[in-house]
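Participant: Sequence:
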Amino acid sequence: MYAVFQTGGKQYRVTEGDTVRVEKLPGQVGDAITFKEVLLVGGESLKVGQPLVKGAQVDAKIALHDRAKKIVVFKFRRRKNYRRKQGHRQPFTTLQITAISSS
Numbered sequence: 185m186y187a188v189f190q191t192g193g194k195q196y197r198v199t200e201g202d203t204v205r206v207e208k209l210p211g212q213v214g215d216a217i218t219f220k221e222v223l224l225v226g227g228e229s230l231k232v233g234q235p236l237v238k239g240a241q242v243d244a245k246i247a248l249h250d251r252a253k254k255i256v257v258f259k260f261r262r263r264k265n266y267r268r269k270q271g272h273r274q275p276f277t278t279l280q281i282t283a284i285s286s287s
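Counted the way the numbering used here counts, the sequence shown spans residues 185 to 287.
If you're looking for bench data, these hints aren't it; they were derived computationally from the structure.
Any given hint could turn out to be false.
Said to hold, decoys possible - DEER-style ranges, computed between Cβ atoms:
hint	residue 1	residue 2	range
1	Pro235	Gly271	30 to 38 Å
2	Phe260	Tyr186	38 to 46 Å
3	Arg268	Ser229	14 to 22 Å
4	Lys254	Tyr186	31 to 39 Å
5	Gly201	Tyr266	48 to 56 Å
6	Lys208	Tyr266	26 to 34 Å
7	Lys264	Lys220	22 to 30 Å
8	Lys259	Ala283	44 to 52 Å
9	Phe260	Ala283	45 to 53 Å
10	Gln234	Phe258	38 to 46 Å
C-beta atoms are modelled at their ideal positions from N, C-alpha and C, and glycine is treated no differently.
Throw the hints in and build the complete structure from the sequences for me.
Facilitator: Structural data, given as structure tokens:
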């Protein structure tokens, strides 16, 4: 069985036991989280929500909080002596999917 759920403005396709990296969520490592915004549940029969599947949920456990690799943002205008350098590290949460239920 698999499901598509949304969090942080993005959609993720997961199955039980998957590890997925999402936008940073509140909570401590080891906490359980339930996602009720399930858009699709697949397996033997396909359930598509309009927009959400009623009674479906994805249960997960927070495995890690961290920050992604640094990216460099460099703005430059030729012949104008304009240079701006800025770095950014996006925080993320790693989830371990424990259960998918479609009721």
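Participant: So, for every hint listed, does it hold in this structure?
Facilitator: Hints and how they fare:
With their beta carbons about 37 Å apart, Pro235 and Gly271 fall inside the hinted range of 30 to 38 Å. The beta-carbon spacing between Phe260 and Tyr186, approximately 44 Å, falls within the hinted interval of 38 to 46 Å. Between Arg268 and Ser229, the C-beta spacing of about 54 Å breaks the proposed range 14 to 22 Å. Separation of Lys254 from Tyr186 is about 33 Å and conforms to the stated range, judged on CB atoms against 31 to 39 Å.
Separation of Gly201 from Tyr266 is about 50 Å and conforms to the stated range, judged on CB atoms against 48 to 56 Å. For the pair Lys208 and Tyr266, the beta carbons lie near 33 Å from each other, so the given range of 26 to 34 Å is met. Under the hint 22 to 30 Å, the C-beta atoms of Lys264 and Lys220, about 51 Å apart, miss the expected range. Evaluation of the 44 to 52 Å hint for Lys259 and Ala283 yields a pass: the beta carbon distance comes to about 46 Å.
Evaluation of the 45 to 53 Å hint for Phe260 and Ala283 yields a pass: the beta carbon distance comes to about 49 Å. About 44 Å separates the C-beta atoms of Gln234 and Phe258, a value consistent with the hinted range of 38 to 46 Å.
The structure does not agree with the numbered hints 3, 7 stated previously, though it agrees with the rest.
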